[in-house]
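Following the hints, position chain B against chain A.
Number of protein chains: 2
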Amino acid sequence: MNITRLSTRDTDFDAKLSKLLAFEETADEKLEATVAAILSDVKKRGDAAVLDYTRKFDRLPLADAAAMELPKSELQAAFEGLPAAQRTALERAAQRVTSYHQKQVQSSWTYLDDDGTMLGQQVTPLDRVGLYVPGGKAAYPSSVLMNALPAKVAGVAELIMVVPTPDGVKNQLVLAAAHLSGVDRVFTIGGAQAVAALAYGTASIPTVDKIVGPGNAYVASAKRRVFGACGIDMIAGPSEILVICDGQTNPDWVAMDLFSQAEHDELAQAILLSPDAAFIEAVAASADKLLEQMPRKEIIKTALENRGALIHVADLDEACDISNRIAPEHLELSVADPQSMLPKLKHAGAIFMGRYTSESLGDYCAGPNHVLPTSGTARFSSPLGVYDFQKRSSLIQVSAQGAQTLGAIAAELAFGEGLQAHAQSALFRKNA
Amino acid sequence: MNITRLSTRDTDFDAKLSKLLAFEETADEKLEATVAAILSDVKKRGDAAVLDYTRKFDRLPLADAAAMELPKSELQAAFEGLPAAQRTALERAAQRVTSYHQKQVQSSWTYLDDDGTMLGQQVTPLDRVGLYVPGGKAAYPSSVLMNALPAKVAGVAELIMVVPTPDGVKNQLVLAAAHLSGVDRVFTIGGAQAVAALAYGTASIPTVDKIVGPGNAYVASAKRRVFGACGIDMIAGPSEILVICDGQTNPDWVAMDLFSQAEHDELAQAILLSPDAAFIEAVAASADKLLEQMPRKEIIKTALENRGALIHVADLDEACDISNRIAPEHLELSVADPQSMLPKLKHAGAIFMGRYTSESLGDYCAGPNHVLPTSGTARFSSPLGVYDFQKRSSLIQVSAQGAQTLGAIAAELAFGEGLQAHAQSALFRKNA
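Chains A and B, in that order, are what the protein sequence lines are. Everything in the first sequence is counted per UniProt numbering, starting at 1 for the first residue and increasing by one. Everything in the second sequence is counted per UniProt numbering, starting at 1 for the first residue and increasing by one.
Read the hints as simulated data drawn from the structure, not as lab findings. No false leads were mixed into what you were given.
When chains are identical, the list treats them as one kind, so a pair holds in a single copy or across two.
Calculated cross-link-like contacts (lysine to any residue; reagent style SDA-like; alpha-carbon spacing at most 20 Å):
| id | residue 1 | residue 2 |
| --- | --- | --- |
| 1 | K16 | Y200 |
| 2 | K43 | L31 |
| 3 | K16 | D321 |
| 4 | K103 | Q122 |
| 5 | K103 | V123 |
| 6 | K30 | R225 |
| 7 | K297 | F415 |
| 8 | K289 | N250 |
| 9 | K301 | D265 |
| 10 | K430 | Q401 |
| 11 | K43 | T207 |
| 12 | K44 | T207 |
| 13 | K152 | T207 |
| 14 | K152 | V123 |
| 15 | K430 | D252 |
For reference, chain A alone in the conformation it holds in the complex (with noise of 0.2 Å):
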């Protein structure tokens, strides 16, 4: 494989290294306008709209919009037919995703002030929240695991999932892990039309109050449109993984790390930073050596010649400098002493610390969630969590005593932005 070879000691590597992350979406006007359409139609026609793209996108000739909802003994079904391995396997790590996004439940808090007022914030879960699966190839288990757990733990008191069913296919590890996520309803819809049908609700699809979960780029367009009737999660780019490494690791280890990442698709980024030279030779050694034996050979080999990189750095404080400006999705910290480096390290989704932490480890079922801010948002945006199935009121009770000295300050702010009603209001309360 010729993977790109970078050193921080080029004259130009800042600007190469700016070309290498470069990915901007290309704007696509013939699909934009298709899933405004079909917004449009669903919006207006709902059931009938969704179940005539339904037959004619996947090809599923369903009855009526009854058919469209799988019952929950389906999905049952699905979880006891697994093979024993692989259902302990599922049981596994949504205890283990379950008992970290505990820990991240937020709760009200109040406190009185000096004259009186009470004031905080009381913290409520989401009422509905609608879950898309993808069908066909790129259906992941895990993927329900990390989307609807967050919710329930966050206290959604009802998840809505939509996944397709193209000809009729059924992925059963996907319907097994929405029964064991406590999905409560699952219907086999997909694209814009069902992004559309959680938006605005039909006569059998309640409306949502959020909408998440990965899909094609009809999917992520039609999130993008109906944002603010309910809200969305991020819209993800090219998955990507930085490992900075001291030179210390079987590099086989990391040749296969930078393939989890690129296995995913021909656009995700697999970049390697270490001080060593001679390590990174023996990387690109073990990842030619390693490639053969890859089932999605084409895809990996696609993604590491187009979008990789070994770079060739001073130190590890460099790695880390390097590491804030991409502020990676993934990043693998396979040094001797990682728990020193996270002082410096400023942007990353998730950071996997030590040489025995694969990627693959927490996306799966180390506890932490695996949906990750992509293509350098790491900068503003956190991982899925249950923040995002949580929100905020805030709470004042002023008291009489408050009123007066909050009255003074209200109407001398409100006369000063020429506001004389909100000036006027806390005035009654002042003088009352």
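This is chain B only, laid out in the frame that chain A set:
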């Protein structure tokens, strides 16, 4: 004034309420095209483009790019030049807002599981935040405090403010508030060109990680478009208040509270819910009486007549149900026992409890933020807070022992998903 009266006993109440709440932003294609062109021009030409647009739109004859920045001494002078009462009011408000928001600071945490694997999350502030402040009439110093202080409390290292100064007119209260809030740099630019400068950076204006603050339709469109390059706060719709009153509050107070929302703009929405029909008419009479003394009476009248409503409800429980359906930005509980209503209230930006708690006290100085979710988005969004200026990175450090158990689970699930590199990467650690 002719304010709409509704009753939940009306047979078509649901439909009438839906119609009252309906608000759809109309897409303005010409505006969108203008904004797209400005963004692309600033991305390409940087400072030169920003200077051109500022000269054109704000009639500001800037000599060069350096002239866009205000010296910090000018902010300090503005603060020191305020009348003492105004300066003190601003200081007291800033203290209270800071003190409330300090309670929102999130800290990093970690824990060890049974097999010695460390899990946790590292919380870090955003590096650099841009604060948009509108120029002209809608220039509110309180808004500077509410946007800047949570960022400072979160630990954001650098806060960049942009504020247009059309024809060179500067708002001294706004500059004073910037000084008080610890804003680091101020540029006298606005509109889509300012948003573009913050999002993409120019030679003179540094790239920020997130842009917050209100603005007109051009600013809102620009913020939507740069989202992804940087983070943005919510895009606010027209402001709203819902007052629930048991009929025992002075009707003048309630009428003035409705006015204080209505005076913002003609599209603002003010609604009263009360089980006391006579009280509703008393509030209407107060409104007629008080309107004449209001400098902004035309705006108030238009807003109340077009989008306001006085709604007769069966009881306070029913009022809570309707409030949950509306998910109001501001919710006033002008009742004897507001605490007892809290458990029934699921969705609201801020809840103002008791007869003394006018919304205006919360807008300026009670402590909580006045940037709140509008148009029913309180179903899934929260007030602006320290949370919006911090982000989380998941931490995972798997022990040698943990790699045995987690490796087995991850490999089983990865094989199930057809991701062999993920599985192999986990097995390398398991079998080490």
